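Number of protein chains: 2
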Amino acid sequence: MALRMSTLFLRTLREDPADAELPGHKLLVRAGYIRRAAPGIYTWLPLGLKVRAKVEAIIREEMDAIGAQEVQFPALLPREPYEASNRWTEYGPNLFRLKDRRDNDMLLGPTHEEMFCLTVKDMYSSYKDLPLSLYQIQNKYRDEARPRAGILRGREFIMKDSYSFDINEAGLQKSYDAHRDAYTKIFNRLGFEYVIVHADAGAMGGSASEEFLAVSDLGEDTFVRDDAGYAANVEAVEVPQAPAVEVTAGPAHVEDTPDTPTIETLVAALNANHPREDGRSWTAADTLKNVLVMLAHPDGTREPLAVGLPGDREVDPKRLETKVAPAEIEPFEESDFKRYPMLAKGYIGPGVLGEEKASGIRYLLDPSVAEGSAWVTGADEHGKHVLDLVYGRDFTADGTVQAAQLREGDLGPNGRALTLARGVEMGHIFQLGTKYAEALGLKVLDENGKLVTVTMGSYGVGVTRAVGMIAEDNLDDIGLVWPREVAPADVHVVATGKDDAVFLKAAEIVNELEAQGLEVLYDDRLKVSPGVKFKDAELIGVPTILVLGKGLADGTVELKDRRSGERRDVPVEGAVTEVLREVKGEVAGA
Amino acid sequence: MALRMSTLFLRTLREDPADAELPGHKLLVRAGYIRRAAPGIYTWLPLGLKVRAKVEAIIREEMDAIGAQEVQFPALLPREPYEASNRWTEYGPNLFRLKDRRDNDMLLGPTHEEMFCLTVKDMYSSYKDLPLSLYQIQNKYRDEARPRAGILRGREFIMKDSYSFDINEAGLQKSYDAHRDAYTKIFNRLGFEYVIVHADAGAMGGSASEEFLAVSDLGEDTFVRDDAGYAANVEAVEVPQAPAVEVTAGPAHVEDTPDTPTIETLVAALNANHPREDGRSWTAADTLKNVLVMLAHPDGTREPLAVGLPGDREVDPKRLETKVAPAEIEPFEESDFKRYPMLAKGYIGPGVLGEEKASGIRYLLDPSVAEGSAWVTGADEHGKHVLDLVYGRDFTADGTVQAAQLREGDLGPNGRALTLARGVEMGHIFQLGTKYAEALGLKVLDENGKLVTVTMGSYGVGVTRAVGMIAEDNLDDIGLVWPREVAPADVHVVATGKDDAVFLKAAEIVNELEAQGLEVLYDDRLKVSPGVKFKDAELIGVPTILVLGKGLADGTVELKDRRSGERRDVPVEGAVTEVLREVKGEVAGA
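So the sequence lines, in the order shown, correspond to chains G and S. Oh and the first sequence: position 433 is 433 in the UniProt record's numbering, straight run, nothing missing. Oh and the second sequence: position 423 is 423 in the UniProt record's numbering, straight run, nothing missing.
The following block holds chain G by itself, in its conformation from the complex (with noise of 0.2 Å):
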């Protein structure tokens, strides 16, 4: 049945919201796809909710197509099973909590690993039961600190998750690989650009995983790729130690550089002072900087860690962070200072920094940091720096830790420089291994009648964020341009003027474009005028307008395509057909 403009619960509006941000969820408001019913929570229209459809089908039929089965659990779970995999603590308060009547505690669930594994546990025993791929389509819920992009981050958001059930590593690698392949097609028929990133999989105790992120400036995520094909989020980065290099610096030797506390300072100070010999500025990549963290263990203890790293450059928290899990980084109080005298703050070094040194305090070094490379950096007395410091000649460190923020050029993996962009996770591959199944005691028996853990992946695609993100991608100034694939209809059909041999003319091409399979949105509204139809059209946009109106009595209609914004006549008797081309002919191509 065709949507009616005249009784579709749609009120277009002309004036962005004041609740959004992002280009795209404005005009997802503006053209009545959806609506907001508190933060970060969101009220899916008519036209939305075709769309939301359309994006559902997708993934299920590439779901469907690797033997996964669709099932659904609820929404609102018990603690238990999440106190076992200790996720009830470490989702902190991104985790919605509530009580039930009888006090028990509950929860909304952000994503279901334990009760899949639960469930599966009640009803297989043997390796016979395995491989099996399990998935839903669902509500899921995070509490969002700043819920501000829309639905491309919500607090209520569905999401396709999916769990495999393995025997082994090698059994979990080809359901990887299906889901890795499924996912691909799905990404390929939304309709924005993607790329799939290595992504860390250290703090969920898995052995690989791969996100794929829309490539977008209104990303969160930072990637890097080089022209090789290497992709990865900055938190799985590995970028080479860098080269030893031979030593050319004279000895050491301590000078006096007073209120030099900060990077800035100690280079002008350095210039101005202690020029150098060869001619050239001292610049801040010639010191070397030693940042002071708190480690914060699950256990509730605290442990000081320093990181040497160039003066150039700073710690990526994030990057970091991966390295240290499941600690979490805490900044280096006033009062830790207090407990470490040793260590004259702005003026740190490393001789007072190390597990064998006077303060204790482990300490690495970024991979930047090349063997037999002299630095200025601190004396550990206030007022006083260290010139013509080498490293492994002068001084030494606890290891090295991948921790300075990646810039553009810096060398990957591969040895070839690095771009960096930023994107938005729209699927998640992930090789969870045992974890869960040895928390909750998944077993089965193998071939030998031996019980083994079950090898677990889970898998997710944000369903209303591909909503959110393919609006974002797919617009122009006036209005959204949807991929025909998931636009919320083939064809809108917009009847102007008000002769009724055109509304007459258009309910019958309405009922010939259904009768031939489409999907039509007619705007069929008598008392508006056709500037606002247009506009509307433009708005909403579907990919192909049929406009009806004058040109009807020299017996031609206007066919529109929204995104190029190409109008030509065409005879009226041909509509239908000229529509069904341009509809099937895309889609084909595709």
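In short, the hints are calculated from the structure, not lab data. This structure is a prediction, so every number in the text was calculated from the model and none was measured. Honestly, I wouldn't trust all of these hints.
It does not matter which identical chain is meant; a pair holds if it fits inside one copy or across any two.
Claimed, not checked - With a Cα cut of at most 25 Å, we get these calculated DSS-like pairs of lysine-lysine:
(1) Lys-26 with Lys-533
(2) Lys-384 with Lys-550
(3) Lys-527 with Lys-128
With chain G held as given, fit chain S onto it using these hints.
For chain S alone, coordinates are given in the frame of chain G:
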């Protein structure tokens, strides 16, 4: 793609699950449709999800047919709108409440009157935008005190809820009638016996309300009907006032009736010590029982109420509560008796009851008490009763109230005898009127440019409950027997034995059936005995079963009708045609 038993996520159980009480619920668990995740919270396994999707599709079809538009609101909602409608408080412990990370109160939606009302208010402003009907199919939440009936009464469940918006009462009546028709069509297709009953609308502030009850002894709701088509739930029945009778009793007289604080002891004492002149025995029906309760008003105040009714009847708390709403009924405690020393517990009579009497307690009579009738009742003194006390001659009351439990044979509003039955509420349609629109300020401009409050209706169907009810109403000793339109598959193909030829032929037939558009469940398990396969097929309950086995050598296969148990051999070449005839024939005839 056929569901194959060899890989289907399914483990049928031979034993009843410990956590299920109802026969259909036990079978749904045993046959692998659902599984309990927590009390009142269920997981939908692949077969269950198929049935549920078919029920949803039927509902969607009938809602679309009346022009209702599908939307989806969030399940996690802010407190404020529910505060404005007072439901935040009224819902009491049935509402799941929680706080987000910023300490905002939130709730899991039980129904969405408030949210729909606010969204329409936000988008629409004129009578020209009406009428409007919106619906959603969505997870709902109610923290049931005793979630013991499986998916018939879950704490997380799926409901189709719709809301209509009209400019006036006449419009509401049309929207209501359209929903009533759609619901009739839906329930006619779902495969269980149902009845439409008048329901009480008073508490919700609306003007009319009907329930669609599945007729079932499993039901928690009692309803009545007469042989002229009248039906109502007990809360909504208004039984007529018993007509006045001629006074035949002599003057009232007080008698000693020591140790008779209960109706039983009183009747025994009367028969022993005060035989009737006409020789008939005294029965409980000759006594007038005066029951005291406390009304708890929403503002926190409590008020006593006395209800007089024949001693052979009990007060029906649900019926009485409907009449005193929004007050709730609480017991009249010992401490309350202390505050009313004129009440002689066990011997309370109309002598002290009534707003004008010593106690000042409002005194209402059940309509079964006829003017002119004579009663034995308390004499307001311990050990004493008054006999031949005539209503209207010797005592009066402050009014009447529909309070007594109804009995088979009681006369209904049409003056016809009522029969009682039990039912499960499957749907509810409700003329809300302006209650929510007023509370939330939903007004539009009428034809004269005047702001008028919108008139709303709300309508609900329990989707997961419907699946449960279909199961309860379609089963036998050996398993489920799905009605065709909601069965998880059209046909269950069972290949038995170890002969490759059987499995090859079965696979071929499965393909042919699918090519004809049928949904097939295919038992392709290699190492499972025919007996187990037949038991599983009977338990799962697909309406048509096609068995391939030894007979194939002679060119025959067996076609079984799950409901009738009828089996017949058909030639293998004609098997697909026969199956099609079974499937289509019954659907066409349904």
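- [ ] Can you give me the call for Lys-26 and Lys-533, within, between, both or neither, at a CA distance of at most 25 Å?
- [x] Within. Shortest intra-copy distance 19 Å satisfies the 25 Å Cα cut-off; inter-copy 56 Å does not.
Open item on the list: Cα distance capped at 25 Å. Does Lys-527 pair with Lys-128 within a copy, between copies, both, or neither?
Closed with: Result: close only across copies, 11 Å inter versus 67 Å intra.
Task: Alpha-carbon proximity between Lys-384 and Lys-550, which holds within one copy, between copies, both or neither at 25 Å - done: neither (85 Å within a copy, 96 Å between copies)
The earlier numbered hint that this structure contradicts is number 2, and it is the only one.
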